[in-house]
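2 protein chains.
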Amino acid sequence: MSSLMLINKMTVKSGKRDEVTAVLIESAAAFESREECIMSLVTHDADDPDVIWVQDVWTDEGAHQAAMSTPSMQEFVRQAIPLLEGMPEQHRVYPTGGKTPTGFPQA
Amino acid sequence: MSSLMLINKMTVKSGKRDEVTAVLIESAAAFESREECIMSLVTHDADDPDVIWVQDVWTDEGAHQAAMSTPSMQEFVRQAIPLLEGMPEQHRVYPTGGKTPTGFPQA
Numbered sequence: 000m001s002s003l004m005l006i007n008k009m010t011v012k013s014g015k016r017d018e019v020t021a022v023l024i025e026s027a028a029a030f031e032s033r034e035e036c037i038m039s040l041v042t043h044d045a046d047d048p049d050v051i052w053v054q055d056v057w058t059d060e061g062a063h064q065a066a067m068s069t070p071s072m073q074e075f076v077r078q079a080i081p082l083l084e085g086m087p088e089q090h091r092v093y094p095t096g097g098k099t100p101t102g103f104p105q106a
Numbered sequence: 000m001s002s003l004m005l006i007n008k009m010t011v012k013s014g015k016r017d018e019v020t021a022v023l024i025e026s027a028a029a030f031e032s033r034e035e036c037i038m039s040l041v042t043h044d045a046d047d048p049d050v051i052w053v054q055d056v057w058t059d060e061g062a063h064q065a066a067m068s069t070p071s072m073q074e075f076v077r078q079a080i081p082l083l084e085g086m087p088e089q090h091r092v093y094p095t096g097g098k099t100p101t102g103f104p105q106a
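If you read the protein sequences in the order shown, they are chains B and Y.
Take the first sequence: its letters are residues 0 to 106, numbered as in numbering that gives the first Met the number 0.
Take the second sequence: its letters are residues 0 to 106, numbered as in numbering that gives the first Met the number 0.
Fair warning: there could be bad hints in the mix.
Since the list can't tell identical chains apart, any single copy or any two copies may satisfy a pair.
[Claimed, not checked] Result set (EDC-like, lysine to aspartate or glutamate): computed pairs, CA atoms no more than 20 angstroms apart in a straight line:
1. LYS8 with GLU35
2. LYS8 with ASP49
3. LYS98 with GLU25
4. LYS12 with GLU84
5. LYS8 with ASP46
6. LYS8 with GLU18
7. LYS98 with ASP44
8. LYS15 with ASP46
9. LYS15 with ASP44
10. LYS98 with GLU31
11. LYS98 with ASP17
12. LYS98 with GLU18
13. LYS12 with ASP46
14. LYS8 with GLU88
15. LYS12 with ASP44
16. LYS15 with ASP49
17. LYS15 with ASP47
18. LYS8 with ASP44
19. LYS15 with GLU84
20. LYS8 with ASP47
21. LYS15 with GLU25
22. LYS15 with GLU60
Think of the hints as simulated: they come from the structure by calculation, not from any bench.
None of these values were measured; they are calculated from a predicted model.
Based on the sequences and whatever the hints tell you, model everything.
Okay, here's the thing in C-alpha cells:
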C-alpha cells in the first residue's frame, strides 16, 4: 500500500477559474468519506488569475485510482476539461521530511 | 493575522538534490516549535531528479517572515542557494476549499 502525493497545476481559460474551482470542490466532497484521502486542497494562485493548484495526499494509491474512476468523478472531469487551457500539469512527489500534520505519509 | 500557503519549486544542480534536501529538512526542524507552522513538507519530484518541492502552510504570515529572518535560517539559505539552478519558483496560493487535515487554514 504506497502513499500518493500529487501537486496539480491547472491553467483555466480566461475568466473560468471560479467555474472550474466549483467543480473541483464539489468533486473533492466525494473524498470526505474516503479515509485514505488525507488532503485534496484546491487553491488559487495569488499572482496568476488563471491558475489553480490542487494538492493531493492519499495514504493509498489504489484508493485514489478507485475514487478517480467512479462515474461521478469522470463526470466532474468531463465538466472541467473544456474549461482548461491544455491538460493539467501533474507532479507526483515523494515525501523526504520536514514538518507535517498528523496522518501525513512520512519519508 | 492572515494565513500563508506556499508551493515552492527548486531546481538543483545536477546530483545536488540530496545535499539540498538535507539542508531543507534541517531548516524545517526549526519550525517544529513554531505552532503557526502547520506544514513545511520537503518532497522529491518523481519524474525530475533535479527538482524539490516544498509545500508550506502557516496560520500566520508574520510568524513565517520572523522564522525566515533568523540568523540560523539565513545560514541555511546561504548553504542552499549555490546548489540551485537559478532561484526557486515560489507560488503563493489561497485555499478555496476541498478536504484538508485539521488545523489547515480554510477558504
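How the hints compare with the structure:
no. : hint             : result
1   : LYS8 with GLU35  : neither (22 angstroms within a copy, 26 angstroms between copies)
2   : LYS8 with ASP49  : both (10 angstroms within a copy, 19 angstroms between copies)
3   : LYS98 with GLU25 : between (29 angstroms within a copy, 10 angstroms between copies)
4   : LYS12 with GLU84 : within (5 angstroms within a copy, 31 angstroms between copies)
5   : LYS8 with ASP46  : both (14 angstroms within a copy, 15 angstroms between copies)
6   : LYS8 with GLU18  : within (16 angstroms within a copy, 27 angstroms between copies)
7   : LYS98 with ASP44 : between (23 angstroms within a copy, 18 angstroms between copies)
8   : LYS15 with ASP46 : within (16 angstroms within a copy, 30 angstroms between copies)
9   : LYS15 with ASP44 : within (14 angstroms within a copy, 29 angstroms between copies)
10  : LYS98 with GLU31 : between (24 angstroms within a copy, 7 angstroms between copies)
11  : LYS98 with ASP17 : between (31 angstroms within a copy, 18 angstroms between copies)
12  : LYS98 with GLU18 : between (33 angstroms within a copy, 18 angstroms between copies)
13  : LYS12 with ASP46 : within (16 angstroms within a copy, 27 angstroms between copies)
14  : LYS8 with GLU88  : both (5 angstroms within a copy, 14 angstroms between copies)
15  : LYS12 with ASP44 : within (14 angstroms within a copy, 27 angstroms between copies)
16  : LYS15 with ASP49 : within (8 angstroms within a copy, 33 angstroms between copies)
17  : LYS15 with ASP47 : within (13 angstroms within a copy, 30 angstroms between copies)
18  : LYS8 with ASP44  : both (9 angstroms within a copy, 14 angstroms between copies)
19  : LYS15 with GLU84 : within (10 angstroms within a copy, 34 angstroms between copies)
20  : LYS8 with ASP47  : both (11 angstroms within a copy, 16 angstroms between copies)
21  : LYS15 with GLU25 : within (16 angstroms within a copy, 41 angstroms between copies)
22  : LYS15 with GLU60 : neither (30 angstroms within a copy, 29 angstroms between copies)
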